[in-house]
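Listed below are the residues making up each chain.
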Amino acid sequence: MTRTIEATQGHELLIERTFDASPDLVFRVWTKPEHLMRWWGPKTFTTVAFEMDFRDGGAYRACIRDPEGEDHWMSGIYREIVPAKRIVMTFRWDDGAWDGLNNLITVRFEAAPGGGTKFSFHQAPFADTATRDSHVGGWTECIDGLAAYLEATA
Amino acid sequence: MEASDHLSTTFAALADPTRRAILARLVEGETSVSDLAEPFAISLPAISRHLKVLEHAGLVTRSREAQWRPCRLRAGPMKEVSDWLLRYRRFWEEGFDQMADYIAELKAKETDRDPDN
Numbered sequence: 001m002t003r004t005i006e007a008t009q010g011h012e013l014l015i016e017r018t019f020d021a022s023p024d025l026v027f028r029v030w031t032k033p034e035h036l037m038r039w040w041g042p043k044t045f046t047t048v049a050f051e052m053d054f055r056d057g058g059a060y061r062a063c064i065r066d067p068e069g070e071d072h073w074m075s076g077i078y079r080e081i082v083p084a085k086r087i088v089m090t091f092r093w094d095d096g097a098w099d100g101l102n103n104l105i106t107v108r109f110e111a112a113p114g115g116g117t118k119f120s121f122h123q124a125p126f127a128d129t130a131t132r133d134s135h136v137g138g139w140t141e142c143i144d145g146l147a148a149y150l151e152a153t154a
Numbered sequence: 001m002e003a004s005d006h007l008s009t010t011f012a013a014l015a016d017p018t019r020r021a022i023l024a025r026l027v028e029g030e031t032s033v034s035d036l037a038e039p040f041a042i043s044l045p046a047i048s049r050h051l052k053v054l055e056h057a058g059l060v061t062r063s064r065e066a067q068w069r070p071c072r073l074r075a076g077p078m079k080e081v082s083d084w085l086l087r088y089r090r091f092w093e094e095g096f097d098q099m100a101d102y103i104a105e106l107k108a109k110e111t112d113r114d115p116d117n
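Which chain is which? The protein sequence lines are D and C, in order. Letter by letter, the first sequence follows residues 1 to 154 of the working numbering. Letter by letter, the second sequence follows residues 1 to 117 of the working numbering.
It should be emphasised that the hints constitute simulated quantities derived from the structure, not laboratory data. These numbers come from a predicted model, not from an experiment. Positions of the beta carbon are idealized from the N, C-alpha and C atoms, including for glycine. A couple of the hints might just be wrong.
[To be verified] Derived lysine-lysine pairs resembling DSBU-like cross-links, with alpha carbons at most 35 Å apart:
id : chain 1 : residue 1 : chain 2 : residue 2
1  : C       : Lys109    : D       : Lys43
2  : D       : Lys85     : C       : Lys79
3  : D       : Lys43     : D       : Lys32
4  : C       : Lys109    : D       : Lys32
5  : D       : Lys85     : D       : Lys32
6  : C       : Lys109    : D       : Lys85
7  : C       : Lys52     : D       : Lys32
8  : C       : Lys52     : C       : Lys79
9  : D       : Lys118    : C       : Lys107
10 : D       : Lys118    : D       : Lys85
11 : C       : Lys107    : D       : Lys43
12 : D       : Lys118    : C       : Lys52
13 : D       : Lys118    : D       : Lys43
14 : C       : Lys79     : D       : Lys43
15 : D       : Lys32     : D       : Lys118
16 : C       : Lys107    : D       : Lys85
17 : D       : Lys118    : C       : Lys109
18 : D       : Lys85     : D       : Lys43
[What the hints assert, rightly or not] Sample of chain D residues with no beta-carbon within 10 Å of chain C, all distances over it, derived:
id : residue
19 : Lys43
20 : Val48
21 : Glu51
22 : Met52
23 : Ala59
24 : Cys63
25 : Glu68
26 : Asp71
27 : Glu80
28 : Lys85
29 : Gly114
Produce the complete structure using the sequences and hints provided.
This is the structure we're talking about:
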């Protein structure tokens, strides 16, 4: 039984893109270190290490080097892999310098008209299993209200 | 570490639909606990427990002056959450820009190798 995490908006991160390539190819760049090292991380950073055991329950560990030469390690576990469709994985910073939170990432690959791929990336933090599971139902519409409130008070 | 613990507390407080609904209600203005509880099919003590979590996370304050102790929304922790999201958005958006370039490169290579593909 696979559990899917609903893509939601608000105080979770949702990024959607369309790529001019098949879901198979877009999925493939997530599956091997030699692919991931070519694109992972912000533009001015260099990915210097990517170790991965790409299977359900397998772990990954990666390191990016910032422009000042400082290394930042991150790691996680693959929770669910469905080729050319979906990858669910945890994510955390190992040095704790960034934020120290555990996150659940879901990436989806969907065939788009014209042979392209509709790609979506979803990230939400969780403190423990109970918290993570409570994300499954998605967030309510109230978040829009909060965002508006935030803007009004900023 | 203290800052991240604080952020964890905020996210944990936001991870419950009743608490998010309470916050949504408070966007409209300060209100009493009994008025807050009204639209929910749960008891007053249950609402109070949710409010304690929100207070602990600094998302809600309760006035000690007025006898009805109105609840009020605090935007500070929400700002931290949105700053956190913005940082990650930049991290991934830039990564996906590079991913798009790399995919285009792979695609061109495959077309070279196999014109029928």
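Each hint tested on the structure:
Note on Lys109 of chain C and Lys43 of chain D: the hinted pairing holds, with a Cα-Cα distance of about 23 Å set against a maximum of 35 Å. With a C-alpha separation of about 34 Å, the suggested pairing of Lys85 of chain D with Lys79 of chain C holds against the 35 Å cut-off. Proximity of Lys43 of chain D to Lys32 of chain D is assessed by CA-CA distance (about 20 Å); at most 35 Å being required, the pair is judged to hold. A C-alpha spacing of about 17 Å is found between Lys109 of chain C and Lys32 of chain D, which places the hinted pair at or below 35 Å, so the restraint holds.
Using a Cα cut-off of 35 Å, the hinted pair Lys85 of chain D and Lys32 of chain D holds, with the two alpha carbons roughly 16 Å apart. For the given pair, Lys109 of chain C sits about 23 Å from Lys85 of chain D by alpha-carbon distance, which is consistent with the 35 Å threshold. In summary, the hint linking Lys52 of chain C to Lys32 of chain D is not supported, as the alpha carbons are separated by about 46 Å, beyond the 35 Å threshold. Restraint check for Lys52 of chain C and Lys79 of chain C: the C-alpha separation of about 20 Å stays at or below 35 Å, so the hint holds.
A threshold of 35 Å between alpha carbons decides the hint, and for Lys118 of chain D with Lys107 of chain C the separation of about 17 Å falls inside it, so the pair holds. Using a Cα cut-off of 35 Å, the hinted pair Lys118 of chain D and Lys85 of chain D holds, with the two alpha carbons roughly 10 Å apart. Our distance criterion of 35 Å between C-alpha atoms is met by Lys107 of chain C and Lys43 of chain D, whose separation comes to about 21 Å. Proposed proximity of Lys118 of chain D and Lys52 of chain C is contradicted: the alpha carbons are some 42 Å apart, above 35 Å.
Under the criterion of a C-alpha separation no larger than 35 Å, the hint pairing Lys118 of chain D with Lys43 of chain D is consistent with the structure, at around 22 Å. Annotation: proposed proximity of Lys79 of chain C to Lys43 of chain D holds, straight-line Cα distance about 26 Å (limit 35 Å). Our distance criterion of 35 Å between C-alpha atoms is met by Lys32 of chain D and Lys118 of chain D, whose separation comes to about 21 Å. Annotation: proposed proximity of Lys107 of chain C to Lys85 of chain D holds, straight-line Cα distance about 19 Å (limit 35 Å).
About 22 Å separates the Cα atoms of Lys118 of chain D and Lys109 of chain C, which keeps this hinted pair within 35 Å; it holds. Using a Cα cut-off of 35 Å, the hinted pair Lys85 of chain D and Lys43 of chain D holds, with the two alpha carbons roughly 26 Å apart. Against the 10 Å criterion, Lys43 of chain D falls within the reach of chain C, whose nearest CB is about 5 Å from its own CB. Separation of Val48 of chain D from chain C is adequate, the least Cβ-Cβ distance of about 15 Å exceeding the 10 Å criterion.
Look at Glu51 of chain D: its CB is around 18 Å from the nearest CB on chain C, clear of 10 Å, so calling it non-interface holds up. Under the 10 Å C-beta cut-off, the non-interface status given to Met52 of chain D relative to chain C holds; the minimum distance is some 16 Å. With a least CB separation of 20 Å from chain C, Ala59 of chain D remains clear of the 10 Å interface cut-off, as annotated. Once the 10 Å rule is applied to beta carbons, Cys63 of chain D is consistent with being away from chain C; the minimum gap is 14 Å.
Residue placement check: Glu68 of chain D keeps its beta carbon more than 10 Å from all beta carbons of chain C (closest about 16 Å). The claim that Asp71 of chain D lies off the interface holds: its Cβ sits roughly 15 Å from the closest Cβ of chain C, which is beyond the 10 Å cut-off. With a closest Cβ-Cβ approach of about 19 Å to chain C, Glu80 of chain D is found to remain outside the 10 Å limit, as its non-interface label requires. With a minimum CB-CB distance of about 17 Å to chain C, Lys85 of chain D clears the 10 Å threshold, and the non-interface call stands.
The claim that Gly114 of chain D lies off the interface holds: its Cβ sits roughly 14 Å from the closest Cβ of chain C, which is beyond the 10 Å cut-off.
The structure does not agree with the numbered hints 7, 12, 19 stated previously, though it agrees with the rest.
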